[in-house]
Every structure is written in C-alpha cells, then in structure tokens.
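Novice: Given the sequences, and given the hints that come with them, work out the whole structure.
One line per chain: the protein sequences are A, B and C, in this order.
Quick note on numbering: this note's numbering labels position 294 of the first sequence as 294, and the sequence is numbered without any gaps.
Quick note on numbering: this note's numbering labels position 296 of the second sequence as 296, and the sequence is numbered without any gaps.
Quick note on numbering: this note's numbering labels position 287 of the third sequence as 287, and the sequence is numbered without any gaps.
Don't take each hint at face value.
Said to hold, decoys possible - Taking lysine-lysine pairs in the DSSO-like style, the calculated list, with each CA pair at most 27 Å apart, reads:
no., chain 1, residue 1, chain 2, residue 2
1, B, K264, A, K260
2, B, K349, C, K170
3, B, K219, A, K249
4, B, K345, B, K391
5, A, K249, B, K264
6, B, K53, B, K318
7, B, K394, A, K249
8, A, K249, B, K178
9, B, K156, C, K170
10, C, K292, C, K170
11, B, K318, A, K249
12, B, K349, B, K156
13, B, K178, B, K156
14, B, K185, B, K209
15, B, K156, B, K345
16, B, K53, B, K362
17, A, K260, B, K28
18, B, K391, A, K249
19, B, K293, B, K209
What the hints assert, rightly or not - Ranges between beta-carbon positions, derived for each pair:
no., chain 1, residue 1, chain 2, residue 2, range
20, C, G191, A, I184, 55 to 63 Å
21, A, R318, C, G191, 56 to 64 Å
22, C, L297, B, N27, 21 to 29 Å
Derived by calculation from the structure, the hints in this document are not laboratory data.
As the structure is a computational prediction, the values presented were derived from the model and not from experiment.
Don't be surprised by glycine CBs; every beta carbon is placed ideally from N, CA and C.
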Amino acid sequence: MDLCLFAEFSFQSLSQYVLNGLLMGALFALIALGYTLVYGIIELVNFAHGDVFMLGCVLTYFLCMFAPEYPTSLIFIPLLLLIVPICCSLLNITINYLVYRPLRKAPRLVPLVSALGVSFVLINVGQMAIGTSPKSIQAQLLPSETNQSSANRETENATRSNEASEELTRPRRSWLTWADILLIGTVIPAMTGLALLVKFTKIGKAMRATAQNPIAARLMGINVEFVIALTFALGGIFAGLAAVVFTLKITTIDYLMGYKNGLYAFTAAVVGGVGSIPGAVLGGILIGLIYSLGAVYIGGAWVDACIFGTLIILLVFRPSGILGTRVREKV
Amino acid sequence: MYRLLKLLAIVGICLPSVGCPKNSGSNKIVIISSLPRTGSAKGQTDTMVNGIKMAIEEYGGKIGDFEIVYLDKDDAEASSGQWTASAETANAKEAAENPDVMVYIGPYNSGAAAVSMPILNEAGIVMISPAATATGLTKKNPNNPDEPRIYRPTGKINFCRVVPTDDVQGPIAARFVKEELKKTKVYVLNDNERYGEGVANEFEAEARKLGLQVLGSDKINVSQQEFGALMEKINNVKDGPPEVIYFGGTTQSKGGQIAKDMLKKIPNCIMIGPDGCYENAFIESVGKVEAGKLFVTFGGKDPSALEGAGKEFVQRYKQKYNTEPEAYAVYGYEAAKVALEAIKKVNKKDRDAIRQAVLGTKDFSAGAIGKWSFTEEGDTTQQIFTVSQVKDGKFVPYKEINGAK
Amino acid sequence: MKYFSASSVVAVLVFGLLFLVPNLPLGQLGIPSNLVTELLILTILALGLNVIIGYTGLLHLGIAGVYGIGTVCTGILVTEAFPFQQSFVITLIISTVVTALISMAITAPVLRLRGDYFALVTLGFCEIVVTVLKEFEHITGGKKTLQNLRPPLFPEFLSSLEQSLDLVGKWRIFPIFYYICLGLLLLIFLGLRNLEKSRIGRGFVAIREDELAASAMGLNPAKLKLMAIGIGSGIVGLAGCLFAVHSTNTTEPQVSFTFNVSVIILASVILGGMGSRTGMLVGVLLLLGYDKIGTRLLSDVLSQLPDKPYFKLSSWRYMIFGLVLILMMRFRPYGIIPEKRN
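Specialist: What follows is the structure in structure tokens.
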C-alpha cells in the first residue's frame, strides 16, 4: 500500500504469511464443508452453521477447564476431538428436526429466514454461556512454543554471539506451531474420510442421489429424511472438529465469532462451487490466503471487505463457483 | 377517502391537547449516573456506583429542603457488552427532559461523553465524569481543532472530570518506559477510536521527545479476531523487534488479544496500555501471564495508597460492601461529593447555578483524594497516575507518578 | 361497508394512539420520550424494507447498510466540517434521493441472482458499506462519527417563517420532532397504500408470486425490482436522515448499521406480515417497542432479582428476535395480520 511496506518485504515473512493463510484456509474449508453438504442436499444456506461452530468453541473452552496438566493433557486432545464434534452434530440434527424439517415444502426463502432466527438464538446461548467479552483458554494443552523458541535463542546466542546479533534478538521463527500440526493432522484425515464416504459407501451414493434429485431418490427407496439428517450430522462433526482446532490455535473465543467465520466459510464454499467438496477445500484455501495476506498488505480493516467483495463478484459472474457445475433454475 | 377523513378528524381532536406544560414543583433533586452497567466494565462501574451511594448517604439523602434521589442508568447493552451511542443518547435525553435532574455523573467512556455532552449542554446540566480521559473533551486538541467547541453548542462549559487527561496519561507512559523500564525501542498501536488514537498520539509524541526510538505505528482493525500477522510484521520491522508495545485502546477494542498475540510472537516484549484496559475483562482475555509483562496506567491513586480522609473512606467502604474498593470507587465518590457540595452551597433547584458552583470548585478537600481544584476548562488539578502491572491474574499497583509539570 | 376492513380500522386506531402519545405522562411512566421518536423512525425504516421484502419478495439482508448511507449522507450535508450545511428539509430530500440512487447502483448488477444468493450479496454489501463508513473517516466521520448535527428546519430564504412559527432550535425537541416523524410516517403509509393499488405495486406483487409468469405477462422484472429497491431504499434513507437529526450524530457504523440491525428489522417486518402495511405497523411497534422501551421499563422491575446476566432482559435480545423469526416462519409465515390475498 505504501512504500514502507515494500521496504519490509522479505521472502521469509511472506512465506510465513502464506503458510498462516493456508492453515486458516484449511480451517475455513472444514467449516465450509458443513455449508456445502447441506446446500447440496436441500438448497438451504444454513446460516446457523457458523454459530454451531461458535458453540463448539464455547464447549471446548469449558472442557479445557477440566484439562489436566501439560504432559497428560495430550491425551485430553483426542477426547476433545471426540466429544465436541458429537455434541455439535447432535445440535445440528436437533435444529434440523425442530426447525427445518417442518419447512421442507415451504418456499425457498422461508427456511433461510428461519436459519437466521436459529443463528440469533444460538448467538444468545453463546452470550449467556461466556458473556460478551472475549475469553481466553487458561489451560495449556499443547507443548509451549515460547519456551522452546527462547531456549533455542539462548543456546544460539551463546554459540554465535558476535555475528548478526540483530538477527538473533528476534525470536526464532517457528514455522509450524504444535497447534498448526494438530490442525493439519485433523483436517487431512477428516477431508479424506468424507471424500471416501461420499464416493465409495452406499450411504454416500444415497447422498449423491438425493442431491441430484430428491424425488427420484425417494422413489428409488432412499430414506431422504435420513440422508438429510445425516448430512446435518456430518456438517456438525466438521464444525466441531474445526471448533476444537480453532480454539486450540487461536485460544480466544467470543460469542460473535460464529457469524464472521461462518461467512468466511460460506464464501469459501461459494468460491469453490456450492455442493462440491474439493471446491470447498480450494475455496477455503483461497479465502485463507486473502485473510492472511490482506491483513498485512492491504490493511486489517479491509480484509472483510475484500472477502465479501470476492463473494459478490463470484456470485455475479460465476455463481456456480470455480469447480461447480452450472445448474439451471428449476421452474 | 372516508378513512382519510376519519384520520384527519382524530388529528383535529388530538392537536389542541398537545404540549401541555410540565410541572416541576417537587423538592426532589435527581442525580443521574450513566455508566456501562452491563458488559466488561461492570466490575469498575459497580464500585463507582457504590462510591456514589456512599457519598449520598453521608448527607442522609437530604440537602437543605431537597431530597436527593439517585438514578443509576446503564449506557451499555447486554447484547453488545459495552456502551452504545443509542443508550447514552437515551440517558442524556432522559436527563434533559426530567426537570428534576440537576447533575449527570458520567459517562465512563470518552466516546460516550462526546455523544451526550452536546445534548446535556443544551439542557444546561452539569456533567461530572469519574473516568473519561480523552483530551479533546475539555482542552484544545491538535488532532481535531474543532474540539472542544463542537461539544458546547451553547458556548457554556458543562463538562468536568475528577480524573486527569490523556495529554498527561500518554506522556507518563512514555516516561515510564524510559525511566522505569529503561527500554528504548517502542512500537505504537491504536484502535482508531477517539480515545485510543488520542492517547496513542500523545504517547508517541512524548516518546520521540524523550529520545525513544519509535519503530512504527499502526491502527488495528478491531473486528479482526487475532493479530498474529500484525505481530509477525512488527517483529520483522526495521531495527526491530521492539521492546515495548504501547496500545492506545480499550479491552473492547481487543486490548487483551493484542497482548496475547504479542506474548506469543514477541515473547520478550512488554505491553503498556491506558486506563481503557484497566478492567478485569482485559486479564480474562489475556489468560496466564508472568508479572512484569503487561502494564496499565490509570488516572488517580490506588486505594491502598490513599491517606487521611481517603484511608477512612477505604475502611468504611470495606465495612459496608465487604470487599476492597477498586480504584474507581474513590472517583465515583469524589464526583458525587463535588456535586453534593455544590448543591449544598447553592441550595437552589437551578441547573445553571449548580453548574457554576460545580465548575467553580476550588481547593476541594471534602472528598477522598486530597486537595484539588477545577481549572477553567473543567479539568482537575490533580495529576497523579498509577502504573499497575498484571500479576497473578490481577492488577497490582507498581508505581505512582505525578504528571504535574 | 366495504371501506371498513379490519386492517384499516386497526391502522386508524394505531395512528390515533400515536398522536396521543406525547400527551401521556411519559416521564412519570419512565419512558424516555426520545425512544418513542426513535421507534417511529424505525417504523419508517421497516416500511421501506417492506417494499423490498414484502411487496417484491427480494430478501434484502443489508438494509442496515442502506440506513447507514442515509444517516451519513445527512451527516455530511449538515455538519459544520463541510461547506454544505443544509437545512433539514433540503437534507431530507437529498438524503432520500442519494440513498435510493446509491442503493440502486450497487444492487443493479446482482438483481438477476436467485433469492438466497441475492440475500447473501446484500449482506456482503452491508459489510462493505460499514467498512467504508468506518474507514473513510475524513468524509464519513468513521468511528468518531460526525457530531453536532443541528440543522435549521427550513433553508435560509424561509428562515423568517421558522422564526415566526417560533420553531428555531425547538423543532428538534420532543413533541415537535415527534410530530414531524409521525407526519412523515403517515405520508409514507398513505403513499404506499396508493403504490399498492397502482400498476407498479401490482407489478411488484406479481414478481413476488411468480417471476416467470410475470415476465410472460409482459412485465419487466429487472426494471420492477430495481424500482422496488429504489423506492424502498429511498424510504430507508429518509429514516436514516431522521435518525441522524434525532440523535445529533451519525453513531458508530460498526454498532448501528450491522447485520444484526438488519435482522432485527427483518424480524419486525416478518412478525407483522410481509407486504401488509397495517400488520407491519403493529408488528414493528410491538417488537421494537418491546426492545427499545419494554426492556427498559421491565429492567427496573427486575432489578430486585440477583444481579446475573440471565435476569437482565436485554441479555435475551437475540433470543427473542430469533424465536420470532423461527416461530413466525413455522406457524404464521404471512404475519400476525396477513395481507389480503385474492
């Protein structure tokens, strides 16, 4: 934007921003899957999905209060990755059953407005649970980053005291933190698992059939309501996984985070083509890069505007997204 | 057409009864306070309200023939967790319309003061703020030449405060960096709000004057959820990394998150914030932190450092509410005392007379913080600041600095 | 007795009551009168949204952003920081027109999108508008807001009229400004009634019911939609202007003009019944009246209870609006007083 920024430009810092963008993008992709799956099946923009993610973060925050001390806490993480997704998927199924299911035959905008309502209700629940100010995770679950890097720095200081002293006073750049490794370790198996599920199992076939044509699927003997419930459950699981990883990576949560992250994720889903699973991943990564690089090179205030600008431009010029196929309006 | 006629008929019936005069013959004097009573500043405002109530009780709720009624209004909304312009406007207008209201204690936030000042100025009600510190509310401000004139549509002064201002607070933090912390490289951040930007600019100017090396300054985007990328950039800044980051902003504008990300990315750095971060919510959002990493300045003395009448006040407060008073309790008490003494002196139910009496307060020692006066602009001559550090999950006073030049 | 449909009786009653409001002992009831005025302004805002959502069936989720454009436009025209310094009447007209034009310009390219995509795009616009209002602070005041908006009522050549009516400085104070707002509300209400019966209004409804059939009948959906956006946004801009003058500043964009505000207004429109003016009036006054005034009154009653967030009514704000949306959609999708449908 201005000259001083270019003066500071270095490949090293750029690579760090790119890496951070990719990681955030993977996280957005995980949430985006929830949107894309549901939209693929019942053509509903499930506005409440972001807030399910938020409640997952809130649950993680509360569970972390019972976390044991550091080394034992490593066992606690898989437990979190189990409990939170289950709770989120149960919540999602309940919402589907209570709110969306009675509206299946209503005009398309009716469930969308209900989803806005659900989103508001969930926001209020989150606000009741943690209050309005941001909360921080107190427990230390993952190995500490700062101690490690400062220890490294001291040893290096001792060995190479004279040369490039300025470079040494900087904390050693940790390319991947433990939270990032956890993120990668969660996202890749989750995505692969979903892809395999959709592609190779019978239930996956039923999902694809329902997405293509619910009536025909029903005539073929597929229990469409069950498929829809399963889709919501899967969306909830991914929201829960994302919530645990996000909470452990960012370590601060607040009750309005669902709206924003939900919109980023939805944008990611649209960018990749709603209904397409690889599209969600691609879109997530793109949005993650805008999120990370935009904050540095354009200015933090404009990040949201950039992401929503992307959303608008895409919806106007290529509503089917990068990887999506064009669907003709049904009459 | 028929319907229209009917409507017009109703209009005709209603109009004559419009605008019946208000009667204000009662002998009630209402003191209204407008503070964020929900959300993250609640802990501070609770003690302020306790202080105000104690001051009123000292007079038995009565001055002369007038019964003193205290109204505790909230200028925050639970759904936003902090003050909102609409709530503050509603409180100010409510005060303006109620003929019994003579004194307005508050607001807590400088931004809120900017909203309510013009309204109350037109109504002629005196405002006494126990916490708003932005310079431009009372003094000429180089960043905005229209201040403070735009807050005073009638030209009269109606705003005063018992806390010192940001043109002292910012420089004191700079002096603290140089003299106490003995650091030289600083980086300045602000939240781009009236209060935060103002105090950050004051800090930066003084830091340059003192010969500290200002590596750069940035405005943060408050709606961002984390500042890892920003901290990465600050860490890589030319001649960096900084030893101290000054954040001009509040807990609500992500002070806690800034501190947290700083500790994560630049662990050797120290952060200093202004009184907007002096809230428990700040510590809650930072999480665990070792002592000597986070400092907060605020205008006034810590209750433990008070002497004489102040010490006695602290004891009475402890007896009554069974907790240690927080720093702001004293200032709530002080603000109420100024108002009550002025009412006592005037002994009339007259907004303008009370306003003049409050602003004319000189050598005031009836309160808890010792002797002070109001300047012509409505600022206190008391210039003491306390620097507190975050230690074991709470604020612990670190050093008291007198800002008087 | 064709003229006395239930909804027109209700409308007459509501307006009658609103006329009487300033004569109530508001102060003794503990109702700040400025909130009553604000309620009227929000009702105008909701009527504007109703043109877009109710008549034409476009789910616009960024109405708060449009409201913000109107407010800031007024701020720019009135504040002493800029050389315009127009009077209230002129500002009102310019704000209305400018807001309508800006809104039409940014919505025109996306009108052909399907309903749910349109909703998201307008939501995106709202976020961008808020960012622009927040960041271009030399023009819009940003978070520091444009202060001290105290325009004279009439332009200079009519100032003697203002003096002779003894309105100088007084017209912005409670009863008079309240009646100005009420008058505008009544004007818009009657205007919309005529619009509904006109060719354009029937065109809007035709598009809502079936766009394809409407275009087969020779209507131009794009043109009609744009018109609905223009008319609706104009009314919203007018509400924004009243809001700016009422609160004498432009308030912080990140609080007043966000998505949440859009949904709150949407909830009130839906409670009353999309497309039905009278229903809307009742819905908005009930829901927003509860939100703005009811919570304030009841909170005094509830203050005896222990000091916990869940005993504070204002903590349940989102829950109430959310439940209204869910329950209305489930049980009465056409509102408490549905529009007559043939």
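Novice: Now, for every hint given, state plainly whether the structure supports it.
Specialist: Hints, verified against the model:
1. B:K264 with A:K260: 24 Å, holds
2. B:K349 with C:K170: 24 Å, holds
3. B:K219 with A:K249: At roughly 24 Å apart (the allowed maximum being 27 Å), A:K249 and B:K219 satisfy the hint.
4. B:K345 with B:K391: 44 Å, violated
5. A:K249 with B:K264: 11 Å, holds
6. B:K53 with B:K318: 14 Å, holds
7. B:K394 with A:K249: Holds - the C-alpha atoms of A:K249 and B:K394 are around 25 Å apart, at most 27 Å.
8. A:K249 with B:K178: 35 Å, violated
9. B:K156 with C:K170: 19 Å, holds
10. C:K292 with C:K170: Cα-Cα ~24 Å, so holds.
11. B:K318 with A:K249: 42 Å, violated
12. B:K349 with B:K156: Between B:K349 and B:K156 the Cα gap is close to 19 Å, so the pair holds against 27 Å.
13. B:K178 with B:K156: 40 Å, violated
14. B:K185 with B:K209: Holds: B:K185 and B:K209 sit about 13 Å apart, inside 27 Å.
15. B:K156 with B:K345: Holds: B:K156 and B:K345 sit about 21 Å apart, inside 27 Å.
16. B:K53 with B:K362: 23 Å, holds
17. A:K260 with B:K28: Violated, at roughly 49 Å.
18. B:K391 with A:K249: 25 Å, holds
19. B:K293 with B:K209: 24 Å, holds
20. C:G191 with A:I184: 55 to 63 Å: 60 Å, holds
21. A:R318 with C:G191: 56 to 64 Å: Violated - the Cβ-Cβ distance for A:R318 and C:G191, about 40 Å, lies outside 56 to 64 Å.
22. C:L297 with B:N27: 21 to 29 Å: Cβ of C:L297 to Cβ of B:N27: about 26 Å, so the range 21 to 29 Å holds.
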